[in-house]
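Trainee: Taken in order, these protein sequences are the chains called Y and W.
Quick note on numbering: numbering that gives the first Met the number 0 labels position 98 of the first sequence as 97, and the sequence is numbered without any gaps.
Quick note on numbering: numbering that gives the first Met the number 0 labels position 113 of the second sequence as 112, and the sequence is numbered without any gaps.
Some clues are possibly wrong.
If you anchor each label on the Cβ, the simulated ranges turn out as follows [unchecked claim]:
| hint | chain 1 | residue 1 | chain 2 | residue 2 | range |
| --- | --- | --- | --- | --- | --- |
| 1 | W | Phe115 | Y | Gln137 | 20 to 30 Å |
| 2 | W | Phe115 | Y | Thr20 | 41 to 51 Å |
| 3 | Y | Arg104 | W | Phe115 | 44 to 54 Å |
| 4 | W | Trp113 | Y | Arg106 | 19 to 29 Å |
| 5 | W | Trp10 | Y | Trp22 | 40 to 50 Å |
| 6 | Y | Val125 | W | Pro7 | 43 to 53 Å |
| 7 | W | Gln46 | Y | Ile131 | 39 to 49 Å |
| 8 | W | Asn90 | Y | Pro28 | 19 to 29 Å |
| 9 | W | Thr44 | Y | Ile77 | 22 to 32 Å |
Read the hints as simulated data drawn from the structure, not as lab findings.
Positions of the beta carbon are idealized from the N, C-alpha and C atoms, including for glycine.
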Amino acid sequence: MKISPAHRQYHPKWYRPQISTYWWSHEWPYLKFMLRELSSVPVAFFVVIILLQLWSLREGRESYLEFQQWLKNPVLIILNGLSFIFVLFHTITWFNLAPKAMVIRWRGKRVPNLLISSPNYVAWVVISGLVILLLTRQG
Amino acid sequence: MVNRSNEPFLWALFSAGGVLAAFFLPVLLFLYGLAFPLGWLNPPTYQETLELVQYPLARLTLFLICSLSLFHWAHRFRFTLDDGLQLKHLNKLIGVCCYGTAIVGTTTAGYLLWHFP
Numbered sequence: 000m001k002i003s004p005a006h007r008q009y010h011p012k013w014y015r016p017q018i019s020t021y022w023w024s025h026e027w028p029y030l031k032f033m034l035r036e037l038s039s040v041p042v043a044f045f046v047v048i049i050l051l052q053l054w055s056l057r058e059g060r061e062s063y064l065e066f067q068q069w070l071k072n073p074v075l076i077i078l079n080g081l082s083f084i085f086v087l088f089h090t091i092t093w094f095n096l097a098p099k100a101m102v103i104r105w106r107g108k109r110v111p112n113l114l115i116s117s118p119n120y121v122a123w124v125v126i127s128g129l130v131i132l133l134l135t136r137q138g
Numbered sequence: 000m001v002n003r004s005n006e007p008f009l010w011a012l013f014s015a016g017g018v019l020a021a022f023f024l025p026v027l028l029f030l031y032g033l034a035f036p037l038g039w040l041n042p043p044t045y046q047e048t049l050e051l052v053q054y055p056l057a058r059l060t061l062f063l064i065c066s067l068s069l070f071h072w073a074h075r076f077r078f079t080l081d082d083g084l085q086l087k088h089l090n091k092l093i094g095v096c097c098y099g100t101a102i103v104g105t106t107t108a109g110y111l112l113w114h115f116p
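Generate the whole structure from the sequences, applying the supplied hints.
Mentor: If you want it as structure tokens, here you go:
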């Protein structure tokens with residue numbers, strides 16, 4: 000078959016509605032979706048902080064303590080506080096997505112969503128507790 | 000560079016990164032971003048931190064958290080720009096920048112954590 004781009008008198012006019020760049024800002028479910036996707040930015044931001052911290056740790060005591068001092072800068076505390084909210088949002092939405100991504104059937108019936116997402120929450124609490132125990136000094 | 004056939008692989012990285020970020024980042028961010036700087040909890044000393052990071056398992060965990068979380072970011076951010084802001088025509092450039100950043104971050108993490116003084 001030969002496709003020729005020749006002129007046709009009654010060429011069909013495509014139906015292409017214009018969608019606003021801010022289409023996601025009008026309704027809560029879309030906005031929530033967008034915020035969830037954007038939670039990846041604070042994730043990357045904090046990875047950069049971890050990498051800088053490791054860098055300073057390699058440099059020696061002076062530089063490590065300097066970095067810890069730098070983290071006390073109010074601007075960083077605010078940025079980290081905001082990032083923390085976004086990262087929590089990521090965690091919650093991620094665990095709630097698990098039952099949708101992974102449909103498990105048992106005796107012919109679908110296992111309820113809560114039974115799939117709740118072990119994630121339990122593991123999350125356990126891991127967070129262990130990390131806090133590992134990284135904080137008592138007294 | 001980024002074509003259809005890479006998609007499942009990139010999605011696997013995205014998903015693994017999502018899991019690691021969900022489990023580990025809130026607590027780490029809470030400790031190092033808020034609790035330690037604001038004096039709510041006592042941070043480990045330089046020596047203790049160094050000893051901790053010298054464990055191979057700790058370094059492997061940190062490496063995976065850093066690398067996979069960055070691939071997670073790359074994947075989400077790419078589609079946020081593509082679909083959210085309708086920049087589909089810049090698809091290739093966005094893909095290269097996002098995954099490129101993740102690769103640079105992974106290399107940096109590997110370099111920093113491969114062996115610790």
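Trainee: All hints, please: hold or fail.
Mentor: Hints versus structure:
{"no.": "1", "hint": "Phe115/W - Gln137/Y: 20 to 30 Å", "result": "holds, 26 Å"}
{"no.": "2", "hint": "Phe115/W - Thr20/Y: 41 to 51 Å", "result": "holds, 46 Å"}
{"no.": "3", "hint": "Arg104/Y - Phe115/W: 44 to 54 Å", "result": "holds, 47 Å"}
{"no.": "4", "hint": "Trp113/W - Arg106/Y: 19 to 29 Å", "result": "violated, 49 Å"}
{"no.": "5", "hint": "Trp10/W - Trp22/Y: 40 to 50 Å", "result": "violated, 24 Å"}
{"no.": "6", "hint": "Val125/Y - Pro7/W: 43 to 53 Å", "result": "violated, 31 Å"}
{"no.": "7", "hint": "Gln46/W - Ile131/Y: 39 to 49 Å", "result": "violated, 20 Å"}
{"no.": "8", "hint": "Asn90/W - Pro28/Y: 19 to 29 Å", "result": "holds, 25 Å"}
{"no.": "9", "hint": "Thr44/W - Ile77/Y: 22 to 32 Å", "result": "holds, 27 Å"}
Of the numbered hints given earlier, the model fails hints 4, 5, 6 and 7; all others are met.
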